[in-house]
Structure formats: structure tokens, C-alpha cells
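All chains should be modelled from the sequences, with the hints used to inform the complete structure.
If you're matching positions, the sequence shown starts at 771 in our numbering and goes up one per residue.
Since the hints were made in silico from the structure, they are not lab data. These numbers were taken from a predicted model, which means no experiment stands behind them. Yeah, the Cβ is synthetic: ideal placement off N, Cα and C, and Gly gets one too. The reader is advised that the hints may include incorrect statements.
Cβ-Cβ distance ranges computed for the label pairs, FRET-style [as the list claims (entries may be wrong)]:
{"id": "1", "residue 1": "PRO957", "residue 2": "VAL1016", "range": "17 to 23 angstroms"}
{"id": "2", "residue 1": "PHE852", "residue 2": "PRO818", "range": "41 to 47 angstroms"}
{"id": "3", "residue 1": "ASN1146", "residue 2": "LYS819", "range": "54 to 60 angstroms"}
{"id": "4", "residue 1": "LYS1077", "residue 2": "LEU851", "range": "36 to 42 angstroms"}
{"id": "5", "residue 1": "ASN883", "residue 2": "ASP943", "range": "42 to 48 angstroms"}
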Amino acid sequence: MKNLPRLRYFIYLSLIILGGCTTGKNALQKGDYDASVAKAVGRLQNSPKNTEAMQVLKMAYELALQDHLRKINEAKLSNDLFRWESIMYDYQKINQLADDINSCPACLVIVPNPIKYIKELADSRYNAAVARYNSGMAYLNENNRLSAKKAYYEFEKVQNLQPDYKDVKTKMDDAFWAAVTRVVVQPIIINRGPYKLSGDYFQQQIDQFVSNYARNKFVIFYSEDQATTDKVIPDQVLSLNFDDFVVGQTYVKERVEKLKRDSILVGETRDKKPVYGTVTATLSIFEKSISSSGLLDMTITDWQSRKIIKQQKFPGTFVWRDSWGSYQGDERALNKNQLAMTRRKEILPPPPGALFLEFTKPIYNQLVENISYFYNSY
771 MKNLPRLRYF IYLSLIILGG CTTGKNALQK GDYDASVAKA VGRLQNSPKN TEAMQVLKMA
831 YELALQDHLR KINEAKLSND LFRWESIMYD YQKINQLADD INSCPACLVI VPNPIKYIKE
891 LADSRYNAAV ARYNSGMAYL NENNRLSAKK AYYEFEKVQN LQPDYKDVKT KMDDAFWAAV
951 TRVVVQPIII NRGPYKLSGD YFQQQIDQFV SNYARNKFVI FYSEDQATTD KVIPDQVLSL
1011 NFDDFVVGQT YVKERVEKLK RDSILVGETR DKKPVYGTVT ATLSIFEKSI SSSGLLDMTI
1071 TDWQSRKIIK QQKFPGTFVW RDSWGSYQGD ERALNKNQLA MTRRKEILPP PPGALFLEFT
1131 KPIYNQLVEN ISYFYNSY
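Next comes the structure, spelled out in C-alpha cells:
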């Protein structure tokens, strides 16, 4: 019973704090007038006679309106080329406040005629589009790739503000193609018979990667055939060639072990008593490894100057292994694993084409990671 007054106190204090939060009082005290209006409106929608929410709404709306109008006036006096975007933002916030209040009958008793700036918002949006369009044209006229990228993003903002403004769609398209880097990927040439099909498959994997590349919209990859068909003049050429590769280097190693085991039942006496002794065997273990490896050269060259922009080499190795065994002597000298090894037979290795593909797998992973890293922010 002694704790009851304390419990009531904490409940009362929690209700005060909760009431202050839901009515927007705390937000008002912190100077967040928009949030204060939103919370007061929410409170009055659920509890139309909440006195504190009414008081908060009246004060918060007046302060929010004054604050946004002050920011609008300051922005109009500034030299910021893109000031109309901040002006537009503040008009949007004022109009949102009005929409919130208009959705709440109890709120309209407190603020009967919330102000909306429809024309002013439309004008500021238009002026913001004009500023971005002019900025985009200035970048586009610099006639270089980086400026064209900036122009593209400026025209993209214009479209978001005023979709049908002037010839923005055409200018956006012009900027895009001025910003694009066209990369022709030359095929890997492998004329050695057993590996041609595997080399073609490796090439197909690369072609699939570059054709699906979409991380940077301003980089487009073409195969040689596609570039010829579409009459594409490349900006860069990406060539891939194996400096060298070796498939099927075979190594066989034999390891001989002398084995013996004591206390093994080897017979019995005439009176049927067991006789224990030592058994021995010679175990031969054969280990075969077939190594395949290669080194791929990637070179990116500027088409006009013929200068090398980037060059890197990617190594790859694959080792196929097999093991088996045989023994002479008493098999009881062998443990379970050794005995299982002697029952295995030598198996045929994969064909050369399969070995070729295996050593290209780590090369492919390195290659696509490197291409992505180079072009993602190019």
C-alpha cells in the first residue's frame, strides 16, 4: 500500500508526458512547428475537444506559416541559382499544413481559413525548372563527357519539375549520348582444337556479363559483331587474350609404407588355444595430380589515341587430384582407411576442355569484378 501513491504519481507523470507528445506541445517547444501542427491535428481528429491540442494548433500554425514565409522571402533575395527549389519546398509545406487542417473538422474551428498558395507554388516550380534547364544547357555546351553527365541530371530534374518544358526530352537524350562511353569487347581467339569449344563458352560468359551490365547507365558494351552491325564508333576497346595456358600437366607420386600390427590372431595350438603374433604388409599409395593454368591479359585502349587506359593480368589455376593404393602381405596389418584406399581404382581425369573451363573460373571472377570496379563510377 505504501507504493500506491508513488505508482499513481508515475502514471500521472506518464500521462502528462504522453499528452504533451501526442498534442504536439513538445515539438512546439523545440521549434518544430510543422511536426507540432501535424501532431495537434492527429490528436484533434481522435479527440476533438482536447484543449491543449487546440492551443498548440493555433500557436503552431501561426508560427509555421510565419517561418515558411520568412524563408521564402529570404530565398527570393538570395543569389542562389536554384533558390526557386527551396521556395517551392516552403510553399509545398504551407499547402500541406492547410490540407492537414482541412481534413480535420475540429481543427477548422481553430484555424477557419488555412492559407494555400496554389499559383505561387506553380510559379516557383516553373522557375525552378527554368533554372535547371539553363544549368543543363550550360553544361551541355562545354562539350565534354563529364559535363554532359551533369547536364543529363539537370535535364532529369527539369522533367521531374515540368515534364513538358521546352525540348527537355530531346536535350536529355542529347546529354545522355554525349555522356556515354561506348566500349567494344573484342573476342578471345583460341585456335587450339581441344580448347576451342571451352574458349567459346568462356567468351559467352563474358558476353553475357557485359550485355547485362547496368550499374552505370553511361557505359554501354558492344560485341564486335554488334558494333559493326550498328556502325558504332567506340570510345574504348576492351581486348582479352591469354598470354599462355597449360592444360594437363600430370604428376604421379608413389609413397611406400611398411606396416605391421602386433597381437593379431595367427593360428591355434593342437589343443585349440589361440596363437597371437605380428602381421606385416607393404602399402603403396599413388597420388596423381593434373594441373591446368592460364594467364589472361585485359587491356582497355582509347580508340582515338590508341593509348592504353588500363591493363591487368588475371591468373587462374585448377588442380585435379586422384589417389589409390595397393598392398603386399597380410591385409590385417592395414587399418580401415588404408584398406579402403587399396580397393579404389585409378579413375580417368576430365577431358582437356573441362580442365580448361575449370581454370578459367577464378579468372572470370577476377575479370568481372575488375571491369565492374573500373566502370561503375566511370
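Original post:
Which of the listed hints are broken here?
Top reply: Violated hints: none at all, because every hint is consistent with the structure.
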